[in-house]
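Asks: Listed below are the residues making up each chain.
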Amino acid sequence: AQTVTQSQPEMSVQEAETVTLSCTYDTSENNYYLFWYKQPPSRQMILVIRQEAYKQQNATENRFSVNFQKAAKSFSLKISDSQLGDTAMYFCAFSEGTYKYIFGTGTRLKVLA
Amino acid sequence: GAVVSQHPSWVICKSGTSVKIECRSLDFQATTMFWYRQFPKQSLMLMATSNEGSKATYEQGVEKDKFLINHASLTLSTLTVTSAHPEDSSFYICSARATNRSPDSGNTIYFGEGSWLTVV
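So the protein sequences, as listed, match chains A and P.
The numbering used here applies: residue -5 is where the first sequence begins, and numbers increase by one.
The numbering used here applies: residue 24 is where the second sequence begins, and numbers increase by one.
Calculated from the structure, these hints are not laboratory results.
Treat each hint with caution, since some may be false.
Stated by the list, open to error - Simulated coverage check for chain P against chain A, where a stretch passes if three residues somewhere in it have a Cβ under 8 Å from a Cβ of chain A:
#1 53 to 65
#2 114 to 120
#3 131 to 137
Backbone N, C-alpha and C define an ideal beta-carbon position, used for all residues, glycine too.
So that you can see chain A by itself, here it is in the shape it has in the complex (with noise of 0.2 Å):
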């Protein structure tokens, strides 16, 4: 079965700096997609940046961007020029093409004024 961990549960970053996130996953699949999705108090679940494993490319989104290595199933998530309202619980999540999602645990960035 898939897995999906996040290991840091809270993380902090000074307004205009660079955090890094951290995800790693498990699967036995070759192709599947991973995710990032913020969700800021309102609870509405964002989408930030999507990366299908069979490019070799990292994807970028902005401010956003992944380091995403598949042979060490890892997925992490640099948010760069870190803003006040980047401020939400991040979520890494799984699909293996079913668009059945697997999320894992959360970390929670605050950005510090």
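Chain A is already provided as a structure; the job is to place chain P on it using the hints.
Replies: Chain P only, in chain A's frame:
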């Protein structure tokens, strides 16, 4: 685009009663929807996969007779918590897979705003 709406956002019900939560895809068709449950400060746990026109597929450990799922149209899935008890109090989130959006959005699903259920 790809808006998913849940209703109600908040609901309080008495123990022993049933409550229905709706999940609608507003601007796309969704043959498949998913229901998640999230306890405070915890992750999202998949409860069931809702397929339009057929029975839902429940995850292990989820009581299908307690959490009734109906997906009667391409834009609406409902979750009914029957004979609710205080331990059913939680945040319930639905998501939908868009089946008529082009190009395919890379296994992306779209989440509703969630519904808080409190059973007293």
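Asks: Does each hint fit the structure? Answer for all of them.
Replies: Going through the hints against the structure:
no., hint, result
1, 53 to 65, "holds (count 4)"
2, 114 to 120, "holds (count 4)"
3, 131 to 137, "holds (count 5)"
In summary, the structure agrees with every hint in the numbered list given earlier.
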